[in-house]
Amino acid sequence: MTKKTKLLLGAVVIASTIGYLIVGGIKEAAVYYITPTELKAKGPATTDRAFRLGGMVVSGSRRWDPQTLKLAFSLSDDKEQVAVEYVGSPPDLFKEGAGAIVEGKYMNGLFRADTILAKHSEEYRPPEEGQATAKDHYRTLVKPPAARP
Amino acid sequence: MIATLGRFSLWLAFAIAIYGAFVSLLGVRRRRPALIESGQGAVFAIFGLTTFAVLLMEAGLVGRDFSLEYVARNASLDTPLFYTIIALWGALEGSILLWVWLLALMTLLTVMIDGKRQPELIPYVTAVLLCISAFFLLLVTFPASPFTTMLPVPLDGRGPNPLLQNHPLMAIHPPGLYAGYVGWSIPYAFGIAALITGRLGEGWIRTVRRWSIVSWAFLTVGIIVGGRWSYEVLGWGGYWAWDPVENASLLPWLTGTAFLHSIMIQERRKMLKNWNVALVIITFALTIFGTFLTRSGILSSVHAFSDSTVGPLFLVFIGLILFFSFGLLVYRSDKLQAESDIDSLVSRESAFLANNLLLLGFAFAVLLGTLFPLLSEAVRGVKVSVGEPFFNAVNVPIGLGLIFLMAIGPLIAWRHASLDSLRRTFIRPLYLTILGAGICWFLGVRGLYPLLAFALSLFTAITVIQEFAGGAMTRRRNTGEGYLIALSKLTSRGRRRYGGLIVHLGVALVVVGITASSVFKLEQEVTLKKGESLQLGRYQVRFDELSAWQEPHRFVVQGSFTVFNSNHKVAEMRPAKRFYPAEQQPIGTVDVRSTAREDIYLVLSSFAQDGTTATVKALVRPLVMWIWFGGWVMVLGSLIAIWPDRRRALATDQVEERMAWQPGRS
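Going line by line, the protein sequences match chains P and Z. The numbers in my numbering rise by one with no breaks, and the one at position 119 of the first sequence is 119. The numbers in my numbering rise by one with no breaks, and the one at position 177 of the second sequence is 1177.
Excised from the complex, chain Z in its bound form (with noise of 0.2 Å):
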């Protein structure tokens, strides 16, 4: 019954997305308004047809329906149903089908939010989407079908992966990264749009600017969690292995972020159209790259849950998206002239054209490093790879050099910036910094990256925090507010700066956690009787007891320990080994204590079968909490700067953006 609904609803999505696209196309070609509404009825169809299959799917896993394949493969008698829940992303099908929905859902906001704003932009846009939805609906109704039934009926299922049912963490990593992804269809749809009518001017770049902060919002989360997840579960200490799958999450992220800084260059000085529309189409196609690596198998991964026989279409799919977009962009080459030209090489828009060429050669780079083997292969027929030290080599530098830019882009003047006002600007956050740099190599920092890259957070931190300072303390003095209140104004008026300042200073936490728990990471393996202690940095670990237990679907060893810090007992810790009746390997739980000053992270790594040893690895990971809270400062930046403004975009607002928009005003 599930099986047979879900089956048809997707048919039929698959269907009349073919059929919206269609009618779109022609009745904007005819002038035909009714064809045109019914392309956007179609786009209300499958939205409903897809959460109608959605449902159907979650029925069937809560249900435990094992008559259908995927529940039998995913869920079982013993899984605890939150897990039975999120187990719809847990493998390729049910993931193809969330992906399809969240696509579904995001082309209805378009057409509802921006239908009557963009009339001559909508139908294209909707023809676009309802192309790509076809794409994915395809795949969900033939190769990858959520809805595929088994003969015989298995009494009990197999289970989730327990990697994946090991965290709750894995509620929110992986939807936030399709979101992410999914996201960037709809300011590429956009950008195909004007590229086709050809309104190329700032028209779909403003109606793009939100939807292009929400999906780096939710890939920024997306990437943050995922690394939270692989710390906090994989049991190797770290967050970040340059892994295929990581780096295909970062790939769009990276361009993605060059598209959010390039399209303002565009508002403000009608220049880069050109630039513009091809991050956008780059920045899509790598989304679809990124699923395709995630999900086609083609490089080994620990992220990666599935091999399928999907990846050769996803390939056809990237083939098809670079050769259309591209040819358009080639065919409308003249109606992308700039209409300005950069006045100065020391102005915002330089520095913006820097952070650009930067952030894409950070990408070739990991693109390139992720490639590698498949090159070196295809090309000298030699298997090769480059791991963890070419990414760090290259994107080092890369990264220290965005940071500055990240410093003084935003303080710098657009045009032209006098030497004077530069140095109004700088000249308390540089003295600041040399100071701070002084107090890091005083505390025992060592090194010219780990130096260069707090110094420049320091920087950027004080740089923003002088922006907010100095901005409210201008309104306090011409208005008479409250310090608060000046600043929450402040903010309020200038949501896009300010809420772009706040991601900055994200971003330099996150980089000082990731330079600490990487420079100054402390490690240990050992093994200990009961009783023994192991002494790392500051703190003795002391193995107490080792027990074990049987829980509904899984059998538990769990060594438990002490933590002192200089005899005064800090912690006490359990990490675990699961047993999982499906798997003929441990998966082991590790235990971390965070603070925000360091964490202590251990893993029990073998015992003795009769309990008297335990082999454990501790590790010491200073500031590694940063990266998990910058990461949220990064998303509430993000917030500020697509809130809606309560008075809809009133001239006033405009003046008060503009002037806000001015640097080195205090």
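Pulled out of the complex, with its shape left as it was, chain P reads as follows (with noise of 0.2 Å):
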């Protein structure tokens, strides 16, 4: 065998060892995007998968118990409603009316999410009039302390 072969054998097996990685990553990790509609749609054969679930947080469906931590809300695509139970703060782009992504595996009617994706919104509009701002809602119920610390 030739250097050269031999350099090239060299190449093909880096090559194709990261090849293989990729692929089996790809299978391994693989999340589809679903709709509540679609996740329906395809009932119990979803129960070992992971997948990504987006739609609206129903209005009035957001519980959170601060004790236990435990969050729970509907996603819906004005079809179908799924029911969402996740562990943990809800976080601070999460809010009722608005779109939510979140990942987890779905289990007897109950989608169990992992993460919740909240994108950040790129518009900073100011609040429309009358609106009371987040700010305003925590300003009565807080009360400031005599000092700065």
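Treat the hints with care, as some may be off.
Straight-line C-alpha distance at most 16 Å; calculated EDC-like pairs for lysine to aspartate or glutamate [unchecked claim]:
1. K1569/Z <-> D1544/Z
2. K1270/Z <-> E1202/Z
3. K105/P <-> E85/P
4. K4/P <-> D1343/Z
5. K3/P <-> D1341/Z
6. K4/P <-> E1339/Z
7. K1529/Z <-> E1545/Z
8. K1383/Z <-> E103/P
9. K1529/Z <-> D65/P
10. K40/P <-> E80/P
11. K1383/Z <-> E38/P
12. K1530/Z <-> D1610/Z
13. K6/P <-> D1341/Z
14. K1530/Z <-> E1572/Z
15. K1270/Z <-> E1339/Z
16. K6/P <-> D1343/Z
17. K70/P <-> E85/P
18. K40/P <-> D77/P
19. K3/P <-> D1343/Z
20. K27/P <-> D48/P
21. K1530/Z <-> E1545/Z
22. K1270/Z <-> D1343/Z
23. K27/P <-> E1388/Z
24. K1529/Z <-> D1610/Z
25. K70/P <-> E1525/Z
26. K4/P <-> D1341/Z
Quick list of simulated restraints, FRET-style, between CB atoms [unchecked claim]:
27. G1531/Z <-> T115/P: 31 to 41 Å
28. K105/P <-> L1155/Z: 47 to 57 Å
29. E1037/Z <-> V12/P: 46 to 56 Å
30. V1519/Z <-> L9/P: 27 to 37 Å
Please keep in mind that the hints were generated in silico from the structure rather than gathered at the bench. Here a beta-carbon is modelled for each residue, glycine too, at the ideal position from N, C-alpha and C.
With the hints as a guide, bring both chains together as one complex.
Pasting the structure below:
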């Protein structure tokens, strides 16, 4: 075997190892985006795979227990609703009536999310007339201390 | 006034860029030095005009001239001066203005520094750089003009995005990254000039060596500081999320690293000529691609702070770059023949070749993973994403291979390394590494990857120290100098080699930091009543109280926590939430207490509105500081490698440098 062949062989070995890692990695890590309607249509066939479920947080569906940190809400795409459960604090961007994407698994009619992906809105719209801002909301409830620490 | 002057100077700069590119090419074709000089004059003029435009923009920002739309969107009466000044790169238009200015500056430096040394190449280099400038100037004159005015003039502006006015690192992260991106234009321009003129020897490589290291170092700063910003501002407890924009900055860094290594082979052995040109083209195209990803909003990202219409223009530009550059490469393929061949598989050349393959494989995997949602939607019509598990599964093994090569590469001889010299060089580091890995095992490190990561980093560190120590000892024996003088003289006589070794040491520190902070991370989220504590590792975190107050530009709610280490108080920590007037949701402010051993990281994730309870997320991440420190070590090494020689390229120096390049001398 000449040096060139050996060299080429080495390169092929490295390249195919990387290729193997990439193919395996994609098979292992691919997560499908899915809407509530698509998820319901798939039914029980979806149990062992992780999905990314996107939809609107249904108004009035958000419940959070500070003690257990359990967050429950429904995601909807106008046709179907999926109940979602998550353990942890709701992200700052998470709001009823706004969009959210969750990642997790669907079992027995409940979507157990490990992650809530909250995309930061790039629009900095000033609050509309008459609409209380988050700031006003909290200011009434937390009493300012006499002196700033 | 500002708007008119600003728009006028940018339009003028655009026209001059086109003119300068044209006369440079014409001058060199017709052999008319006057035209070439006129082209270089254009470079000076563009630098003057863009500097003027940047100053105008800053005047508008600092003077709060809200008739400028950019100022109205990114500054407000309450915004502190510091964040008003750096709002220049807070959004798309200002960022591209900064980009244009950096490019103008670097073009000017290139003409001034290399104009005399590379008279054949410089007209083409000028033309290429002016074409790139023209593209970015086109963006700021028309689709993304920072000097757009608005009527009626608002009384107050919206202020910068709170995430961008929450941390002083915003002053370094974007400009560092941009300088790194822009810097690669210069090696690219030289590569293209070399292709056009057919002067594909080592001349252009020598000229771009420093530029490449400088750009690489700026990219490194941008990436590391960006990670730190993400860690200290975004409040998710991590520094790297394989987010599209992060990946976009990593891509040119990876191919640039490959380039920095493979040009050494061309310098020493006159091989890989076409490979080097291809690498510099790819790296440059990736820098433009990175800006495209950051600025087009095509993939959602935590770092993407603007959606805009400039995306398609960027795609066209990238297409043109790739088409012309690779067309030229094919056209010149006859002049790109290697003048020698690899002698042995056990040689530095082949270690570098393997390093290049792995780096490109790494880059390819990152690119594929980043674009996977787009690709799968285009090909199969389903949206599929691959997240962190994919990047870890592919890149951790490749990365471990790279660290291994990083440890052995600089110590193997060029051409052919004998078994005997290998044994002499590596036997001691090998024993020490095995010992170190044993200690890691004993301390509780389990799993193949973490053990390998620690062991290989240790191996790298030991070989680097051995090189320095061995070299200094030899020098001391021969010259009778003291240890420190011998060490500093050794370094200054072989700056490139020893600077490079220090960079390797920095990488090893970063790898140790990343591994430890990922594998041994502790995390807990609980709701605490006043006076209650949570237990995390060695620490107890007690919730003391909640307070709130109004600041000029925001309202702050802050939790006070006391951290104990087995009843011994170590810190008081105050994570907060800040409410900005223009925002619907609060912005969290984390509190991090860093030591060389570990970080305690507190996030105030929620609180009862009467102030009696607070939900806190606490993390303990070991050795995070090593990542930031290792990053600065990498920059220090780069500085040593590019530091100019006082006695310019004396013959003796070259001999010494060559001697320093011989490994295994000890």
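Hints numbered earlier in the text: which of these fail when held up against the supplied structure? No hint contradicted; all consistent.
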